[in-house]
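Position chains V and U against the provided structure of chain Z, taking the given hints into account.
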Amino acid sequence: MSFDVLFSQFMSGIARGALLFLVASGLSLTFGVLRVLNFAHGSLYMLGAFLSYSIWKFLLMPVLGFYLAAVIAALIMGGVGMIIEFGLLRRLYARGWPEQLLATYAIILIITDLVKWAWGGEFLSIPRPRPFTGAVFLFGFPFPSYNFFIIILGLGLVVFLWWLVYKTRLGDIIRAAAQDREMVSALGIPIPWLFTWIFVLGAAIAGLSGAVTAPFGSVALGMDIEIIIECFAVVVIGGMGSLPGTLLGAFIVGQVYAFGILFKPELALAFIFMVMAVVLIIRPWGIFGRPER
Amino acid sequence: MEDHHIEGKDSWIKRGWWLILLIIASFLAPTVLSEFYLSVLCEALVMSLMALSFNFLFGYMGQLSFGQAAFYGLGGYTVAMLLTKAHFNFWLSIVAAVLVAALVGLVVGIFCVRLRGIYFAILTLAFGQLIFTIVFKWHNFTGGDDGIQGVFPPELLKSPIAYYYFILLVFLVSAFILWKIIHSPFGHTVVAMRENSERTEFLGIHIAKYQLIAFVIAAAFCGLAGAIWVPFYRSVAPSYLTWIKSGEPVMAAILGGPPIFLGPILGMFVMTFFHAWVLGFTVYWPVVMGALILAIIFFLPGGILGFAQEKVRQRKERNHQLQKK
Amino acid sequence: MLLETQEISKEFGKLRAVSRVSLGISKGDIHAIIGPNGAGKSTYFNLITGYHRATSGRVLFKGKEITGLPAYRRCRLGITRSFQITSIYPKLTVYESVLMALLSQRKVTLTFFSPAKKFFREEVWGILEDVGLADQASTLGDSISHGDKKRLELAVTLGTEPELLLLDEPTCGMSLEETEVIMGLIKKLSVERGLTILFTEHDMSVVFGIARRISVLHQGALIADGSPEEVRASEEVQKVYLGGST
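Chain order of the listed sequences is Z, V and U. Just so you know, we're using this note's numbering here: the first sequence kicks off at 1 and counts up by one. Just so you know, we're using this note's numbering here: the second sequence kicks off at 1001 and counts up by one. Just so you know, we're using this note's numbering here: the third sequence kicks off at 2001 and counts up by one.
One or more hints might be untrue.
Heads up, simulated DSBU-like pairs for lysine-lysine below, C-alpha to C-alpha not over 35 Å straight-line [said to hold, decoys possible]: (1) Lys1180(V) with Lys2239(U); (2) Lys1311(V) with Lys2188(U); (3) Lys2117(U) with Lys1209(V); (4) Lys1311(V) with Lys2117(U); (5) Lys2149(U) with Lys2107(U); (6) Lys1209(V) with Lys2149(U); (7) Lys264(Z) with Lys116(Z); (8) Lys1158(V) with Lys1180(V); (9) Lys1137(V) with Lys1180(V); (10) Lys2014(U) with Lys1014(V); (11) Lys1316(V) with Lys2118(U); (12) Lys1316(V) with Lys1014(V); (13) Lys1180(V) with Lys2187(U); (14) Lys2091(U) with Lys2014(U); (15) Lys2239(U) with Lys2014(U); (16) Lys1209(V) with Lys2239(U); (17) Lys2149(U) with Lys1311(V); (18) Lys2187(U) with Lys2118(U); (19) Lys2062(U) with Lys2188(U); (20) Lys2014(U) with Lys2117(U); (21) Lys2062(U) with Lys2187(U); (22) Lys2117(U) with Lys2107(U); (23) Lys2064(U) with Lys1180(V); (24) Lys2188(U) with Lys1316(V); (25) Lys264(Z) with Lys1085(V); (26) Lys1180(V) with Lys2117(U); (27) Lys2149(U) with Lys2118(U); (28) Lys1316(V) with Lys2091(U); (29) Lys1180(V) with Lys2118(U).
Hints are computed from structural coordinates only; laboratory data are not their basis.
Chain Z extracted, bound-state conformation:
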């Protein structure tokens, strides 16, 4: 196999990993702090994508339209997140995790139908926004420059989350809450408030990620399930609730997918699950995760 094929697969794996990190970071953050595995995270991502499409169409702005639509979609999804946390999840924290899981599963069903009703079952897409329409040459090989936009966005999110979690007062609370919820309560920090904003942040990031996938031409029903399964693989491999773990997991899954396609396209997803199964068997809590309790 020649170098250019390997290199181009590697780069597309990086881009895919960046996208996966965008989505999975919100899932992981929510789980780390709220201890709720949000099955509906992929649905928030899908809704964000559809919303940004409609906003983009409505704005009719040639250059800024895409970016503006993405930001607005993210903000709206933040609001949706607030409704979900405030209206539903908040009442379920005292219940067992199976009920929480089922509640988020119900949200999937509701959002799916909502999207079907509002947008129908067609494939939608937004053209690549300027200045990311062309190709970039790396070592003489062309790559879609939009992939670099995704990678930059992913890196930006890494830096932002790293700053948020490790450098701010809120971050101290987030990390404390991930370890010992009672301790944070004892410190006099209002947990419900923290939970709401974390969920809102996760939902907004999901919405933003959905919006930026629109130029890949994959805005359609079913994109929620597709992404959430891969995100599960990411957070399980990296360790649920761990930011570095999510980054590593996203990188691994992106690469496995890119090279899996090269090897046997039908089984790309299967390879991801194999990696996931192996990790779970060796380290049931993921590479950077820590055991429950």
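Quick look at chains V and U alone, frame taken from chain Z:
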């Protein structure tokens, strides 16, 4: 376990009369039901079998499997392929389907039983999706997203009514076997593992081994459910293996009441008939289902039967206190 | 010797929790392990029951080596423990809890079709009578009193028909009367069922009240071993323990 009191022999008929009535009613059902509702009833029975086997793991062992559809689908595909491609004997095909599901359950189970709680749910989900992907993408062998059509039962079971009785019998026998297992020493051990796995281990129980056996049993019954459904529906498709399908027994169990044997059956009947009824005037079934799930979680904690049981218990306690006064 | 540990050690990273302890427990004895907090009592217990693996040294039961066996295998051989923090089945009845132990001990847990409740009625009732829980047989584990939970724990432990019974702080958190009752029970079981009992306890009146032999651990090492009188007389023990800060 649902019966804490120590039973007396003579009370059996007294307590079980409604069950006998239900079984008699189910045998008479084809005489009153339209063909449409008879097929809905068939589906409800088949899915109830799946829900029962799921709940053996969830309600009794305390492990939520989000990948049961894989075994259901494998059972269905095995029967479909043996009947259409190998022109195999119908009865042997059913047996083969159960064996295939159990065997795959054994392999998947070896990996999964090491995990607990949400991690078990995710890993079973992942294995389920893995099996789905293989079936979906392996076009030459499984027909890919077209599935397999023209799966016919033998002459004896060609009519819907005859097949209904076949499904009913399989369901009743399977439910009885599962009930026996749950109340056997093995079932007692499984419940004890749910209640306190550390304690149980110190009583000399090798936890992983028992979880694996339970997982294989559940996989086998799921496979059986898929195997008897496909010849009735005449076809099989990859959607039988999706996680949406895996979610159905989870919903049914929580809807009906997981720690109660009949809970998932009731849950599945409510869901299936509700589904058939709602489809009469809207295609937006999932949103109705989603709202129903949320309503149950919020307003009927413990599920329908769990909620009813709690109410009955409260009333008994109140009567008891009144008598004391 | 029913049980013997030879030069057994356990290290957690740099911390040496148990350090080369050699000790024999003879059949039918009531044997207490004492020592200040952090002396390694619980770890030593865990090495015997198989909850922890020894870093070095050997554990022998009835002359056979069991050092590497997992907990459930040791239980099958006849070594059972109770937990310091009461570990019961919250949603099983008292009867069902004891039944579970017997099902496991008599190796019928792989029976799939006969009702569990038909098994070992006499044995379960016998144990429940012995520990005084017969009248609460159909009460759920989490709705009985704290003292009764300790009894239940003991009853479940007896259900495994052990030869060697390890009790971790059997009277922990009990009132004076409850403690008396449990002590009497332990004595009675030792005589009637021919049990060998190894226990840890911080209440010295309990220790000197029922133990026939006492071993003292300090910083993971065995510093004294003998009859209650001998231990009471030992200068080293008095220095670190009895006369010390406690």
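### Task
For the pair supplied as a hint, Lys2149(U) and Lys2107(U), confirm whether the alpha-carbon distance does not exceed 35 Å.
At roughly 25 Å apart (the allowed maximum being 35 Å), Lys2107(U) and Lys2149(U) satisfy the hint.
### Query
Are Lys1180(V) and Lys2118(U) close enough, with their CA atoms no more than 35 Å apart?
13 Å, holds
### Query
Lys264(Z) and Lys116(Z): Cα distance at most 35 Å?
Holds. Lys264(Z) to Lys116(Z) sits at ~32 Å (cutoff 35 Å).
### Proposed proximity, Lys2117(U) with Lys2014(U) (alpha carbon, max 35 Å)
Measuring from Cα to Cα gives roughly 49 Å; hence the hint is violated.
#### Entry: Distance restraint between Lys2149(U) and Lys1311(V), which requires alpha-carbon spacing of 35 Å or less
The given pair, whose Cα atoms are some 28 Å apart, holds under the 35 Å limit.
### Query
Do the alpha carbons of Lys2239(U) and Lys2014(U) lie within 35 Å of each other, as the hint requires?
Since the Cα atoms of Lys2239(U) and Lys2014(U) sit roughly 26 Å apart, the hinted pair holds (cutoff 35 Å).
### Query
For the pair supplied as a hint, Lys2187(U) and Lys2118(U), is the alpha-carbon distance within the 35 Å limit?
Holds. Lys2187(U) to Lys2118(U) sits at ~31 Å (cutoff 35 Å).
### Query
Under the criterion that the straight-line Cα-Cα distance not exceed 35 Å, is the pair Lys2014(U), Lys1014(V) satisfied?
66 Å, violated
### Query
Would the pair Lys2062(U) and Lys2187(U) pass a check requiring their Cα atoms to be no farther apart than 35 Å?
23 Å, holds
### Message
So if I understand the rule, the pair passes when the alpha-carbon distance is 35 Å or less; does Lys2149(U) with Lys2118(U) pass?
### Response
25 Å, holds
### Query
Taking 35 Å as the top limit, are the C-alpha atoms of Lys2091(U) and Lys2014(U) close enough?
41 Å, violated
### Query
Is Lys1137(V) close enough to Lys1180(V), meaning Cα to Cα at most 35 Å?
At roughly 39 Å apart (the allowed maximum being 35 Å), Lys1180(V) and Lys1137(V) break the hint.
Hint check: violations occur at hints 1, 2, 9, 10, 13, 14, 16, 20, 23, 24; the rest are consistent with the structure.
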